[in-house]
Every structure is written in C-alpha cells, then in structure tokens.
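Colleague: This is what each chain is made of:
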Amino acid sequence: MLAKQLTVFIENRTGRLCEVLNVLKQNKVNILSLSLADTTEYGLLRLIVDQPALGKEKLTENGFSSLLSEVSIIKIPHKAGSLQELLKAIEEGGVNIEYMYGLSIEDDEAYVVLKASDAAKIEEIFADYEITTVSSEHLHGLN
Amino acid sequence: MIWSKEETLPREELEKLQLERLQETVHRVYAKVAPYRAKMDAAGVKPEDIQSLADLKKLPFVTKQDMRDTYPFGLFAVDRDELVRIHASSGTTGKPTVVGYTKKDLEIWTECVSRIACMGGASSHDVAQICFGYGMFTGALGLHYGLENIGAVIVPSSTGNSEKQIMYMQDFETSLLVATPSYALRLAEVAREMGVDPIKDLKVKIALVGSEMLTDAMREEMHKYWGKDLLITSNYGMSELMGPGVSGECTELCGMHINEDYFLPEIIDPATGEVLPAGEKGELVITCIKKEGIPLIRYRTKDITRLFYEPCKCGRTFCRMENLSGRSDDMLKIRGVNVFPSQIEEVILGVEELGPHYEIILERDGYLDKMTIKVELAQSTDSFSVLERISTTVRNKLRVILGLDAKVLLVSPNTLQRFEGKAKRVKDLRNK
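Taken in sequence, the protein lines are chains F and B.
In terms of the working numbering, the first sequence is residues 1 to 143.
In terms of the working numbering, the second sequence is residues 1 to 432.
Chain F on its own, in the form it takes in the complex (with noise of 0.2 Å):
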C-alpha cells in the first residue's frame, strides 16, 4: 500500500517555513511526521499530515509550490535491529532508497516513511517478506 506524502518546496528565507505551518493550521491540516532536508538555497519539506489533498489545495491557493506524491509507509516493531531488518530485506530485493525518516506512536509499534526508486518492486519485496504497510490516515487513527 502506498501513501500520499505532501512536498513542499521553500526558499531559504527567514519565516518561510512558518508561513507553510501558517496555512496548515488555518486548515486544520494535522502533521504526523516530517522531514525537512536543505541546501544552501533550498529545502523541501517533506510532510504526512491527516489531510494530504487539502494541504496541497491550500498551499498552492497561498502560493506554495506543493507536490502529492506516493511513498511506503511501513510498520515495524519499536525494538533494535527492526529497521535494519527492513533495509536488509529491500536491500536483497535490489531497490534503492531515495530518502527515510520515521516516527514512533506507540509503545511497541514504530513507523518509517520511505520513497523507493522503484514502486512496482519494493510493494513485491512488501508481499513477500509479509512487511505491513499502512495508510496515511491509517496512521491517524491511530492518534
């Protein structure tokens, strides 16, 4: 299962970044986990939030130039080494990652957001390693 990450593009500026959370607030649009990578110009903000369609619908009305697009979120347990399983198993499967963050919820549970260079293979190596991977509202509820 793949889910929708919200990309948003920002000019390194002072309050640029605020101005983004600015409109999800008004909107009402909750962040569940984030990533923000940079470099010396600018940055992308990578964003699952409970509302991906209308965060983008809000960010481009304001001028954002904001992008939907598909990304693995997978469920693994809280515990040492369970990412590393993960990789490994991608890894075997021949497809690379482009960039991974993560986030915990739970007690026992942990989730991490990647983007695989190929979608069609790494839902493969999904099924066949019996790796769970949730929705972005999925992820929501759970909060």
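Just so you know, these hints were derived from the structure itself, not from any lab.
Careful, some of the hints might be misleading.
Unchecked claim - Keeping only pairs whose Cα atoms sit at most 27 Å apart, straight-line, the calculated DSS-like set for lysine-lysine is:
no., chain 1, residue 1, chain 2, residue 2
1, B, K64, B, K32
2, B, K374, F, K58
3, F, K58, B, K164
4, B, K224, F, K58
5, B, K290, B, K333
6, B, K302, B, K290
7, F, K58, B, K200
8, F, K28, F, K4
We have chain F; now place chain B onto it with these hints.
Modeller: What follows is chain B alone, placed relative to chain F:
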C-alpha cells in the same frame, strides 16, 4: 485581409514613392527645423544631394538624446497651431521625449494601425480589449483608433485591475487581446486563480502583442496558457516614430511587415554606424517620410533586428523585420561578453518545470561580474535530483550559448515581481 492597396505595390513603384517622399521630407526639415539644418550643414550635406534611396546614408543620424537636447518641441516641423495631439515617452531616465501630431499625422497613424491589425488577423467582427495603459503612452490610443477604424468593438480596459479584465473578457466575449506578452501571461494566471480557464471559458482567439519583445519561447509559453489555437502576432512601433503601426506580423508569422510607404528602414552596425546589407543583424534605423509634426530622419531605434525583402506568401510587398532580438542599450556586458536578456529568456522558457517569470541579477564579486538568475518553479517535485537537474540544465545551456557561468536560484511561484507594462527583469547592481 489586406487593408490597403499600397501594401502590395510592386517594389519599383514603392521605391519611386519612397524617394519622392524622402526628398520632400528632407527639403522640409532643412528649411524648418534648425537643429536638422545644423546637423546637415555639419555633415556637409544639402537636401539636393539626396538623388536616390542609396543617398539616405549621407544624412546624419538622430537619437533620443537629440530629442532630449531640444526638449520639448525643438525637432517639430510645424507651428503649434497645426498640432492636434501630444504624446510623450515615460522618461524613466531624464526628461521624456515629446512627439506631436497634426490632423494628417493622426489619419496616417490610424491607417497604419488598421493595416497591421488586419495583417494580424483582426476584422470588424472582433471585440478588442486594449490592455495597454492609456495616457501619454502611444500604445493604447494607437491600437484603439486603428482597430476602431476597421470596425472592431473596442473595450478600452487599460492596464491594471486584472480580475476586472477577466470579467470583461467573459461578459463581453472579448475575441482579441491587445497587451504586452508578459501581461497576457499575467492575465492567464489571474484567470486561473479565479477559476476561469483561459482556453475553455474565454473566447480570445487573437492576441496582438507589442511594446515588448516576443521571443519564440515567449510565444510558446503564451500558447501553453491561452491554447495552441490562439493566433499571436506581434507589432512594432515607438512614440518617436509614431507609436504602434510601424510594422506588424502577418498571419504567415514570418516577420513584421514595415509600412514602407511611410517608414524607410535601414540596418546599421551599432558600433560603427555603417549600413549593413539586407539579411544582416544590426540596429534598426527608421526615417519617417510622410510625417508632418515631427518627421525624424535616420532615427536610431536601438532595436536589434534584420530585414528580409523576399516576397511574403501573404502577398504584401513590404519588407519584413525579424522579431526583435534585443535592444542595443539593453545589451549587457558581462565579463566582457555581450548578452541580451532575451537569450537568457529562451533558455529558461525551454525548461518545462520553470515558469515564465525570471529576474537577472548582476553583481560585482571582487573584479569579476557575477550573474544570478532567479526563476520561478512552475511544477513542483519531491526530489532534490530534479531540482538539481533543472539548475544544471539552465547553467549548462547558458554556458553553451553565452560562454558564461551563472548561479540559478529557484524560487516559489508568484514570488517575483509582475509587470503590467514593459517587464524590468534585469537588476544591475554592479556599480552600486
């Protein structure tokens, strides 16, 4: 449709007419305009020396500076009583340049614009919305009278209040848009923001664009926003010569036909002033051969183009000038390389993910010039590799075309300044 029979005169007859008119004009200005007499005397040329069109090159040039030096009416060839209208350039640097029209001048102006409107696909069935600023600027009133003369319905909406412009387009079923290319793009953006699709919800079929360069890339960008079926023709003019109506593109889209029975074109090397043969690129010089108010002789337009005399499929015999590729005074000197902003624009518009709005910033870093290009991202991405590819593509293309390295700065949509008239895209901070 061809508006008047003069447009198809055989070249021989046309040249005979041009010579008669040139001789008459030169005699008249020599007799009536003191600064001209002084210039011609200094150059050792008398009106009688003009025996053929080739003798034109004996006459001295006139520049914008000459108009400023004689501000406001020094180059006028008629008494104040004969004038019926005054226009002036914006005069962003120093005094404006002032031009005056007699009744006959206004008739010719209307005639010239009627021709270029028909050339560009307009007809009496059109509803023409004029999104040029009305006032001292010649653009709006020139197109206004010319289009009205061919029987189109005029919507004199001027510039600004873009939401209202879109409302007029919807409610009046505007079929023809008069605007600068950049404002036409801005209007499409505003329409989309209002939930109006310029292609489906509006009836604009023709765009007569002018007062700004129309590059091929800009034309493509306009098609992207306004639909591939929009007929876009550019037209050319300047207040010093008359206003719009000096030349216009016909529907064959192969350059702008110059109204040669009123305007005599030459191409010169901007550095030496030497006349270049047909087909070579250089600065356009125009002589007004049938003007009463202010008949400029060998006026240096500063616009860079070339002329083609081969017959056009449309049937007109008037020569064509290529769409402008720059202005000799817009030309930037960066690390010793001559750069026209239009060259940079071509590169930017060739990259799919980039929007049409950009800014060129020039700075001095020690003894070296540094060029930064800010450009809006039109399509978003979730990957740095895409952003890097965009920047690298622009940099590489600029390096190939100009031999210069530039820093490319991607910015969010709608963050760069928008312009309703001529776009000012270059910020030269090198001497500050």
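Colleague: All hints, please: hold or fail.
Modeller: Results for each hint:
{"no.": "1", "hint": "K64/B - K32/B", "in the structure": "holds (20 Å)"}
{"no.": "2", "hint": "K374/B - K58/F", "in the structure": "holds (25 Å)"}
{"no.": "3", "hint": "K58/F - K164/B", "in the structure": "holds (24 Å)"}
{"no.": "4", "hint": "K224/B - K58/F", "in the structure": "holds (24 Å)"}
{"no.": "5", "hint": "K290/B - K333/B", "in the structure": "violated (38 Å)"}
{"no.": "6", "hint": "K302/B - K290/B", "in the structure": "holds (22 Å)"}
{"no.": "7", "hint": "K58/F - K200/B", "in the structure": "holds (24 Å)"}
{"no.": "8", "hint": "K28/F - K4/F", "in the structure": "holds (17 Å)"}
The structure fails hint 5 only (numbered hints given earlier).
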